[in-house]
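All chains, please: the whole structure from these sequences, using the hints.
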Amino acid sequence: MDTVTRAPAAAPGGVVPSGWSLAVRQLRFWLTNYRRTWRGSIYSSVLNPVLFLGAMGLGLGSLVNQHGTGRLGGVSYLAFLAPGLLAAAGMETAVGESTYPVYGSVKWNKTYQAAVASPLSPADIFHGHVLFVTLRLTMNCTVFLAVASAFGAIRSPWMIAALPVAVLTGLAFATPIEAWAVTRKKDSSFAMIFRFGMIPLFLFSGTFFPITQLPAWFQPVAYLTPLWHGVSLCRALNLGTADWGQALIDVAYLAALATAGIVAGNRSYRRRLYV
Amino acid sequence: MSALQPLIHAHGLVKRFGSFTAVDGIDFDLQRGEAFGFLGPNGAGKSSTMRMIGCVSPPSAGELSILGLDPLRDGRQIRSRLGVVPQEDTLDVELTVRENLLVYGRYFGLPRDVIRERTARLLDFVELSDRADDQVEPLSGGMKRRLTIARSLINEPDILLLDEPTTGLDPQARHAVWDRLFRLKQRGVTLVLTTHYMDEAEQLCDRLVVMDAGKIVAGGSPRELIERYSTPEVLELRFDPADHQQAAEKLAGVPAQRLEVLADRVLLYVDDGDATLAVVRGYGLEPLTSLVRRSTLEDVFLHLTGRQLGE
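Protein sequences, first through last, are from chains A and B.
Note that the first sequence ends on residue 317 in the numbering used here; no numbers are left out.
Note that the second sequence ends on residue 312 in the numbering used here; no numbers are left out.
Hints were generated in silico from the structure; no laboratory data involved.
Treat the hints with care, as some may be off.
[To be verified] When the alpha-carbon atoms are kept at most 30 Å apart in a straight line, the in silico DSS-like pairs for lysine-lysine are as follows:
id, chain 1, residue 1, chain 2, residue 2
1, A, Lys227, A, Lys152
2, B, Lys145, A, Lys152
3, A, Lys228, B, Lys145
4, B, Lys186, B, Lys145
5, B, Lys186, A, Lys152
6, A, Lys149, B, Lys251
7, A, Lys149, A, Lys228
8, A, Lys227, B, Lys186
9, B, Lys216, B, Lys186
10, A, Lys149, A, Lys227
11, A, Lys152, A, Lys228
All of these numbers come straight from a predicted model, not from anything done at the bench.
Structure (structure tokens):
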């Protein structure tokens with residue numbers, strides 16, 4: 043923000059600062075809101091990995107392991123699956139937090155319209171929500187790692203580095219979806235995102251099986267999905283097979299998507315809230 | 002800022018949405034301590050004007066300065082000194098009354114103890130102290146409006162913007178809101194409000210402009226406007242719907258400054274309503290009902306635009 047234009051007369055509300063400190067004011071709004079629902083959200087963030095790691099990792103895994111896990115890199119199915127699910131949990135948290143909460147803030151509660159009448163700008167409001175989503179991603183992915191560790195799915199200390207990777211995977215989804223969700227006039231498009239976006243990605247981005255098992259013509263599509271980059275890097279970290287070159291590509295790809303979402307959101311929030 | 006400089010200055014202010022011109026070149030100045038109103042029907046451009054003043058809608062053309070600052074360049078600065086009561090409630094209904102004020106106070110960067118102290122005072126002012134820890138959702142429309150007013154005062158604004166502050170409220174709740182606004186006005190808070198209720202404008206505004214189709218068609222104090230554009234008294238006559246048109250034609254002969262034939266009534270603008278009623282009876286016309294009343298802003302609006310405010 044341009045500080046040169048600051049008027050000498052101090053505003054009664056105090057000096058108006060710039061940048062992220064204003065986004066933090068919006069983050070605090072989300073935290074006040076979250077205080078009412080955090081318990082429920084913790085239960086589901088624990089329950090989700092317990093169910094999947096139990097049913098798929100241990101249950102289905104016992105069958106997979108009997109048939110040999112050469113194609114999985116010679117590790118147990120549980121160790122193969124857990125990092126994939128971690129990245130997918132990032133995606134799932136991101137999609138959940140960046141669709142209805144954003145839409146509802148414009149269309150239902152109109153809390154965005156309330157905020158934009160204060161010193162906050164549309165970009166501050168957007169960034170405040172991105173900060174909140176980052177926090178939620180960190181919480182959910184940390185819980186996931188703890189559960190995975192309790193299941194004995196962690197094979198490498200490098201797996202701790204999978205936490206920021208999963209958070210970044212989430213942000214690669216969250217920022218573009220938020221940028222888009224704020225422009226929606228109806229909420230019907232969100233069901234489409236869940237059904238035709240998130241679920242296919244969840245199933246076909248290498249979360250449950252290596253994408254080399256997919257038909258050859260389909261594999262390039264899988265390589266383009268952000269989730270595959272998140273899954274494959276998290277997995278490489280857990281199995282100790284990370285290669286710096288590929289890791290850099292994965293991180294750069296995810297970061298580019300998250301950044302593009304920020305740029306798009308700065309614009310779409312402004313267009314939506316400054317009419 | 003000098004004392005003579007207006008708090009808000011607009012010259013040739015325009016707001017366009019695509020090919021539609023919502024605000025079509027308006028001029029106005031607002032002084033500190035004034036209660037200033039934009040009166041007009043829905044779609045007159047009042048809310049668009051308010052949003053431009055609120056620095057959440059960039060003007061398409063013209064000049065606008067608020068507190069001596071430029072809304073495009075200094076929007077943040079200006080907004081930090083405004084209080085806004087929007088037309089539609091924007092409260093977080095899932096939070097409590099107190100939390101709504103806390104969240105809003107933080108938007109202005111106020112420290113927690115300042116927010117706490119002001120919250121107690123403001124909830125007392127809008128008579129919601131006993132609901133402080135209740136969720137907002139079940140509150141009545143009037144209570145929500147009063148809470149929105151309290152919220153808009155959390156930063157002790159220089160100017161309070163109220164966009165149709167009592168639209169959708171029942172009469173009792175409206176009077177409660179008016180009472181609060183009247184007290185603020187007496188404390189010297191500068192009020193800017195839009196309304197399509199002429200009684201609201203008459204009660205609250207020191208000065209107002211009448212807007213129609215994006216333009217300001219007249220301006221002045223309610224008294225001045227009535228004196229300039231209407232007569233001291235109005236005779237309202239209602240006839241049997243079957244005879245309405247015929248009666249209206251006969252009334253054209255009655256001496257009056259102006260005659261307005263509405264769908265259901267005929268209005269005669271005169272100096273002495275009772276005397277005119279006698280003349281009407283002398284013409285052999287017997288209205289179903291007759292009413293002699295003072296002129297209001299409604300009559301001013303009808304005269305200026307040929308339409309009623311509610312239309």
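Failing hints, ascending? 6 and 8
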